[in-house]
Amino acid sequence: MAKNDLIGGALWEHYSDKVSDRMNNPQFMGEITEEEAAAKGAKLIVADFGADSCGDAVRLYWMVDPETDTILDSKYKSFGCGTAIASSDVTAELCIGKTVDEAVKITNIDVEKALRDTPDTPAVPPQKMHCSVMAYDVIKKAASVYKNVDMSVFEDEEIVCECARVSLSTIKEVIKLNDLTTVEEITQFTKAGAFCKSCIKPGGHEERKFYLEDILRDTRADMERERLNATGETKTFADLTLIQKHKEVDKTITESILPILNADGGSVEVVDMKDIDGFTDVFISYKGACVGCAASRTGTYEAIADALRTKVDESIRVHIL
Amino acid sequence: MERVYLDNNATTIVDPLVKDAMDPFFTKMYGNPNSLHSFGHEIRPYMGIALDRLYAGINADDEDNIIVNSCASEGNNTVIKSLYFDSVLNSKKTQMITSAIEHPAVSEVYEFLEKLGVDVKWLPVNSEGIVDPDELRKAIDPDKTALVSIIWANNETGLINPVKEYGKICRENGVKLHLDGVQAIGKIPVDMQDIQADYLTFSAHKFHGPKGVGGLYIRKGSSITPLIHGGEQMAGHRAGTVNTPYMIGMGLALELAVKNLEHENTEVRRLRDKLEDTILGIDEVEVIGNREMRTPNTILASFRGIEGEAFLWDLNQNGVAASTGSACSSESLESNPTFTAMNIGADLAHTGMRFSLSRYTTEDEINYAVDVIKKSVTRLRAISSTQNKEYI
Chain A
1 MAKNDLIGGA LWEHYSDKVS DRMNNPQFMG EITEEEAAAK GAKLIVADFG ADSCGDAVRL
61 YWMVDPETDT ILDSKYKSFG CGTAIASSDV TAELCIGKTV DEAVKITNID VEKALRDTPD
121 TPAVPPQKMH CSVMAYDVIK KAASVYKNVD MSVFEDEEIV CECARVSLST IKEVIKLNDL
181 TTVEEITQFT KAGAFCKSCI KPGGHEERKF YLEDILRDTR ADMERERLNA TGETKTFADL
241 TLIQKHKEVD KTITESILPI LNADGGSVEV VDMKDIDGFT DVFISYKGAC VGCAASRTGT
301 YEAIADALRT KVDESIRVHI L
Chain B
1001 MERVYLDNNA TTIVDPLVKD AMDPFFTKMY GNPNSLHSFG HEIRPYMGIA LDRLYAGINA
1061 DDEDNIIVNS CASEGNNTVI KSLYFDSVLN SKKTQMITSA IEHPAVSEVY EFLEKLGVDV
1121 KWLPVNSEGI VDPDELRKAI DPDKTALVSI IWANNETGLI NPVKEYGKIC RENGVKLHLD
1181 GVQAIGKIPV DMQDIQADYL TFSAHKFHGP KGVGGLYIRK GSSITPLIHG GEQMAGHRAG
1241 TVNTPYMIGM GLALELAVKN LEHENTEVRR LRDKLEDTIL GIDEVEVIGN REMRTPNTIL
1301 ASFRGIEGEA FLWDLNQNGV AASTGSACSS ESLESNPTFT AMNIGADLAH TGMRFSLSRY
1361 TTEDEINYAV DVIKKSVTRL RAISSTQNKE YI
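Which chain is which? The protein sequence lines are A and B, in order.
Under the numbering used here, the first residue of the first sequence carries the number 1, and numbering increases by one thereafter.
Under the numbering used here, the first residue of the second sequence carries the number 1001, and numbering increases by one thereafter.
It cannot be assumed that every hint is accurate.
[What the hints assert, rightly or not] Ranges of calculated distance between the beta carbons of each label pair, as one might list FRET restraints:
{"id": "1", "chain 1": "A", "residue 1": "Glu184", "chain 2": "B", "residue 2": "Lys1144", "range": "37 to 45 Å"}
{"id": "2", "chain 1": "B", "residue 1": "Glu1284", "chain 2": "A", "residue 2": "Thr181", "range": "46 to 54 Å"}
{"id": "3", "chain 1": "A", "residue 1": "Gly9", "chain 2": "B", "residue 2": "Asn1290", "range": "47 to 55 Å"}
{"id": "4", "chain 1": "A", "residue 1": "Asp218", "chain 2": "B", "residue 2": "Gly1117", "range": "28 to 36 Å"}
{"id": "5", "chain 1": "A", "residue 1": "Gly9", "chain 2": "B", "residue 2": "Lys1168", "range": "39 to 47 Å"}
{"id": "6", "chain 1": "A", "residue 1": "Gly203", "chain 2": "B", "residue 2": "Ser1091", "range": "27 to 35 Å"}
{"id": "7", "chain 1": "A", "residue 1": "Glu184", "chain 2": "B", "residue 2": "Gly1240", "range": "30 to 38 Å"}
{"id": "8", "chain 1": "A", "residue 1": "Gly203", "chain 2": "B", "residue 2": "Asp1283", "range": "31 to 39 Å"}
{"id": "9", "chain 1": "B", "residue 1": "Ser1091", "chain 2": "A", "residue 2": "Asn262", "range": "40 to 48 Å"}
{"id": "10", "chain 1": "B", "residue 1": "Phe1085", "chain 2": "A", "residue 2": "Asn178", "range": "43 to 51 Å"}
{"id": "11", "chain 1": "B", "residue 1": "Thr1340", "chain 2": "A", "residue 2": "Val46", "range": "31 to 39 Å"}
To be clear, the hints were calculated from the coordinates, so they are not data collected in a lab.
Ideal placement from N, C-alpha and C gives every residue a C-beta, glycine not left out.
Bound-form chain B, shown alone (with noise of 0.2 Å):
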């Protein structure tokens, strides 16, 4: 049976190349890169090449920290309970300033900086779906506001946020920002010279790269208190043996990444929309957020009278992967937290379906996904029971 994977936005192939390019460190050199010896020492400029890689990739400063740790939800740990340990506990800040679209690697985060005490305060989306940067000019306090934290392009909605407009506000009122880059990097330009971020993280996984392995970037000037402690590795910011195979595979999946940019906006985009025509095409979809405003790849959707479980079902019995957050797909029966905050009228937490191309993605397969996607909506709509608006 023919597979066709459109949820890129949880995860990618690792390009071949990135595979290619870290085999070497795993059989031949393999040596600790703090030794002092030539199994050490002959790691240490192919490391040299994948922060050259990852510094290009981001347009950071040499005077900029990038630190390569574990995945970019241990970059967004370590930053807001870095700013909770030196600017609340240790300080005076009482506030911290996120939003309702957050990924839970940084809402859950603030959840439990709550618990401890924190003021918290949670930014909404406007109609458009996009945390309004005068939302964020209310909350935000000079003398109060230790961090804001905002994701960049949000990973079920691909709607970009205005992360340009964040950056001055906080600069101008001298408050640290927190940008998740995640699904930002590889799929827009992310220019660090251009955005006035202090803090940025991403995961290499999410643009071709291996999992298990992540960026964190720190704008000079600005510090960090480690998550890990116990060793001097990442200038002391992060110990832990430096994964140096994976941290080799990201810096050349970035640069690739970054090389496709442009395919990205052209030839994926013209997939997506192609995709996302013929979904419109069917009755009684709704796409969320307008296209212009969106990562060139993904697709949030929502099909009256179908839920999302059994249309993931349906796909997946074709072999179609997408996601959904629906509330009945989750352990815990709830349904993701951005669907509920993107309060514009479709029934997201029961219909809402995500696509999301890579650059893998292929005409076939999305011809192929256009069949599956048509064949399974006429297929539940006969089951169900509120698709006809004479049973509402």
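One chain only, chain A, in its complex shape (with noise of 0.2 Å):
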């Protein structure tokens, strides 16, 4: 939010000429009756699809050819918004000339690139590409009454973001590809919550299944669970190098034990370790209070030694230096 964030209420200026020409003069907009489709041969398909967050509601009228499955004429009726009836418009028209299977390969995404004036500039401001989804939609409703089938055969994968068209599993793998935290990064390699924000978490436009929130959470957690995984499924505590040895050792006193030691004024440090016959020798040194402490022999003694067995391994014994 800078500069061009400050003066607001711009919602139309972003809107491209075509969205406006296509509100203005909308030229695919009507009904095709059945006597229309039977004097031409073919078959009349009505599709109605409604989005229950906007209230918007589109039918599609589709004379389809059923020797060929060709698309011969379309049109449609709309409720919604200007970019709404653009996008029913652009969608009807798209689909003129296709086969029924072509036309279910159209996305919201073509029907707003056919807005477009200049092929880089949107034709709608973010918020507004969810209106072209419902135009999308509604193809599918259509092709399913036209091939009796329903609506998800045309859906081969989830989608979470339905105004970029991005998928689960692309969200997951881009998470952990790149080692993404936040939804924004998420935003940022996709464009997925970019537009109406309804799948970045519960109680925006629309209702969702999946949420960008919970799925990066749970990418992250199966993140963290693979990498725990990594580490504690191929190497037991005798697999490791000393070195390794030696951080597990350092770990546990810094963890366990340091913070009852210095609250006394004591400490104690990790001199030296040696691998004998299977086991593991640390040596330490005390310091502070605990030097000539009576109990750096028998209690505290005990319970580095007891913290270091149960804690990193069974094989280690503990001297004094």
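Make the complex out of the two chains shown on their own, each in a separate frame, by following the hints.
Written as structure tokens, this is what we have:
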């Protein structure tokens, strides 16, 4: 948020001329009747699709040649905002001349691109990308009516962000490959969540099956588990090099022992380590108040030896220097 | 192309008399009124006149305070945060009460305070779109309630709340009452001797004054912790060099608005009713709220089958300016909270359209707007998939 965001209310300024033109003079708006379809020996397909979140609703008409599966003509009716109407208009146009199988490959991104004035300038502001999604959904609905199958057969992957059409598998992969830790990074890498923002977390414009926040958290947890498995499963304490063993021992002393000793003004340090006859001998040296303390050879010693044997490995023997 | 402005609840044209009255204070009498020398001294009589006009405009007592500030949003923030500091943070009260149909300048302040742990009660509206005094009576607790903030006239619907009742209830319980008077002032009589509110906020640009200046009324005996510290202006209630030309402009604007109240209640109302009757003559249109219970200038209507942003677009293409709180018209894709709270049948979140007139609206403009509205409704319903009931 900076200079360009300070003056709000610019929604319409971000509509392309094509969006305006389609809104002012829609080209494919209307209906196709049974009689019109029959006159061309074609089959009439009528598909309705509504987005609960918007209250938007679109009805798509196809006149399909049953011999070739080609869409001879397409029209629509749309209840929605200006960009929803413009998107519906382009959707109907893009369907004409295609076979039904070709038409189901049209995405909301194709619709948005067709509305651009220049290839690199988005036709609509980010939150309005959402409006083209419904136009895309209704094609699948029309195809499912024509083929008498369920809509889901046209969706071969789980889409998390409908606006940018980013799949669950893509998002997980990007998080892992790039070690992403924030939703903002996911958006930078994939554009998921950059538009209507419904897929970022619950409570947005539209209810979603998956949310970026949850995917990030779960994927990070997966990554952590994988990392732990990678270290835990393949190597036992005996397989470690002496330096790795030293690190494990030091870690336990720092975390479990030092806080207790430090509280009484004492300390302890690992001076040396040796592997002998299947045992690991750890040589320690007391510092501060522990030096000369009676417990340093009884209670304190037992506590250190016990901590290392239970938290690191049974094979550890502790010697005081 | 002809342009017709029917969005006067958003802002209004500045009365040319107001603009003229402000003019000398930019280049001739530009002194800082807190300066002791003649440049400062010469401004103060004009500020006194402005205060006289403001006090007379809402019938405030000389013992009351009217703080000149930047806008009603500032006034609302000042009151609510002040009571949070004084009565919640530094005292024993835990609860604050507001309604579900507040302007964001109130509702978002309370959402902020909720995050800080304040127990905020959101009063619902009844089937007529009014905050029922009984709801307030039920929610209020003399031991816990620090403040009650309710909108006087709602900006979207124009519906006027029974603020006199709220005043009695709050007074009986010893609880402070804050009214957002932005849409009331200049549209209906506002008399602070009649209404027992402790705080009232308003903004000059809603009654033909300039933008960027407003007022905060504080009844005698009520205090305020300043939102802005840093100077002795406004008796220490609000720091910052006083915006003298705008204060002077607001004073005159309020005086003119009060003088025009009769005109508002007759001529503006007549034109509003004419527009409303025509709109109601269109099939499947619903107007929200009894017109007798609304400010005389406002219509909120739902046109079945026509999405608000698309309608606004078509009206604008034909030069008519109105307002929609539809979800599709907002940056966040969320509909206006008042529309959601006004759960009274019509699908306002998608089809709500507000027309708001002013004393500058003419008969010709209304006639033109009527033509444009009818034309747009016909065109957009031809495109719509939901206008015909058979589709639902």
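Hints, one by one, checked against the model:
no.: 1; hint: A:Glu184 - B:Lys1144: 37 to 45 Å; in the structure: 40 Å, holds
no.: 2; hint: B:Glu1284 - A:Thr181: 46 to 54 Å; in the structure: 52 Å, holds
no.: 3; hint: A:Gly9 - B:Asn1290: 47 to 55 Å; in the structure: 32 Å, violated
no.: 4; hint: A:Asp218 - B:Gly1117: 28 to 36 Å; in the structure: 31 Å, holds
no.: 5; hint: A:Gly9 - B:Lys1168: 39 to 47 Å; in the structure: 40 Å, holds
no.: 6; hint: A:Gly203 - B:Ser1091: 27 to 35 Å; in the structure: 34 Å, holds
no.: 7; hint: A:Glu184 - B:Gly1240: 30 to 38 Å; in the structure: 36 Å, holds
no.: 8; hint: A:Gly203 - B:Asp1283: 31 to 39 Å; in the structure: 37 Å, holds
no.: 9; hint: B:Ser1091 - A:Asn262: 40 to 48 Å; in the structure: 44 Å, holds
no.: 10; hint: B:Phe1085 - A:Asn178: 43 to 51 Å; in the structure: 46 Å, holds
no.: 11; hint: B:Thr1340 - A:Val46: 31 to 39 Å; in the structure: 33 Å, holds
In this structure, only the earlier hint numbered 3 is contradicted, and the remaining ones agree with it.
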